Amino acid sequence: MARMIMTVDDSTSMRQMVKATLLSAGYDVVEASDGQEALEYARENPVDLVITDVNMPRMDGITLVSELRLLPSYRLTPVLLLTTESTMEKKMEGKKAGATGWIVKPFNPAQLLATLARVL
Amino acid sequence: MSELGNTPVPALLELAASQLEVAAHTTDAQVETLASSIAALVTLSVELQAASGSGTVPGALAHKIVEQAQTALVAMQFHDQLVQRVAHVRDALTELNEALSGGPVEEVDWATVLAGIRFRYSMEDERLQFDRIIGSTACPDVNAHDNTHDSLRGSVELF
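Keeping their order, the protein sequence lines are chains R and Z.
Going letter by letter, the first sequence gives residues 1 to 120 in our numbering.
Going letter by letter, the second sequence gives residues 1 to 159 in our numbering.
Hints should not be assumed to be uniformly reliable.
Residues from chain R shown here face chain Z by an in silico Cβ test under 7 Å; the list is partial [to be verified]: (1) 16; (2) 57; (3) 58; (4) 86; (5) 117; (6) 120.
Okay, the calculated bits of chain Z under chain R, using three or more residues with CB under 8 Å as the criterion [claimed, not checked]: (7) 58–64; (8) 67–77; (9) 80–86; (10) 107–114.
To be clear, the hints were calculated from the coordinates, so they are not data collected in a lab.
For clarity, every value in this text was computed on a predicted model and none was experimentally measured.
Just so it is clear, CB atoms sit at the ideal spot from N, CA and C, and this is done for glycine as well.
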């Protein structure tokens, strides 16, 4: 059974890019357009890994990480932040919230898949 | 009332921010179509590569198509970055407008305003450009922050 990855981004085109990369490697993919939608999905469904943007309406990616870590089933689930943000203070916010890693856009498909293989 | 309150400067700043907003989003529909096509191309190229084992498609050709599809996928992400950059400029203009509209221009706390605007530029190259143009002493508090560990585009860091 394929691993399920959730991709969270308010940009439809970015979700399509991530989804195409993941599908090409045999993963199953579920999409959410912001942190709130992702959290609502996560409360009812398990996923094996979350890839989330940082800046999104309703709920940003760092808040999403914090909220996911409060769910017992997501305490140890790898969560990668995929973002244009590249400053140290933002990265530290992500780390403090409980993120597993930080990837700066634009992502390279091969590099993204290699990172997934390391954390899954 | 600020000295600038009787000039078109605040309105011009608001107009510039609004125009940037429109510029960033007028291409959304076309970009989504393009992204969808590239995503399909990636999927098809991987299927093609898998089929190359049957001998009907040369393996080297299939590999080249996969490479090109992945290159297009990376390039396609330009739009997301463009939207982010425009949003940062829009927010900076809004902050400047608020500062100029809040009282006499000689009472504006420029160090605080500049620190706030710099904070909004959250990409490494945006901040380098800010420091180059505005100057490294413009907001001493934030420049005390060590930028040497900021991340480069495409970098991966596991915590």
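inquiry  = Let's test the interface hint: is any C-beta of chain Z closer than 7 Å to that of residue 16 of chain R?
reply    = Given a least distance of 4 Å, the restraint on residue 16 of chain R holds.
inquiry  = Closer than 8 Å Cβ to Cβ for three or more residues is the test here. Does the segment 80–86 of chain Z pass it with chain R?
reply    = Three-residue rule met by the segment 80–86 of chain Z, so holds; n is 4.
query = Are 3 or more residues of the segment 58–64 of chain Z near chain R, judged by a Cβ distance of less than 8 Å?
reply = Coverage by chain R is violated for the segment 58–64 of chain Z (0 residues, Cβ < 8 Å).
query = Holds or violated: is there a CB of chain Z closer than 7 Å to the CB of residue 57 of chain R?
reply = Residue 57 of chain R check fails; min Cβ-Cβ to chain Z is 12 Å, beyond 7 Å.
Assertion that chain R covers the segment 67–77 of chain Z - criterion: three or more residues, beta-carbon distance below 8 Å = That given contact holds, which follows from 6 residues of the segment 67–77 of chain Z lying within Cβ reach (below 8 Å) of chain R.
task = Classify the hint on residue 58 of chain R as holds or violated, based on whether any CB of chain Z lies nearer than 7 Å to its CB.
result = Interface hint status for residue 58 of chain R: violated (16 Å vs cutoff 7 Å).
query = Measuring from the C-beta of residue 86 of chain R to each C-beta in chain Z, is the shortest one below 7 Å?
reply = Holds: closest Cβ of chain Z sits about 4 Å from residue 86 of chain R, inside 7 Å.
inquiry  = Using C-beta distances, would you say chain R covers the segment 107–114 of chain Z, given that this needs three or more residues below 8 Å?
reply    = With 0 residues in contact (Cβ-Cβ under 8 Å with chain R), the coverage given for the segment 107–114 of chain Z is violated.
message = Less than 7 Å between beta-carbons is the criterion; does residue 117 of chain R satisfy it with respect to chain Z?
response = It is violated, given that the least Cβ distance between residue 117 of chain R and chain Z is near 12 Å, above 7 Å.
message = So, as I understand it, the hint says residue 120 of chain R touches chain Z; can you test that by seeing if any CB pair is closer than 7 Å?
response = Hint violated; residue 120 of chain R Cβ to chain Z Cβ min 12 Å, cut 7 Å.
The structure fails to meet hints 2, 3, 5, 6, 7, 10 from the earlier list, while all remaining hints are met.
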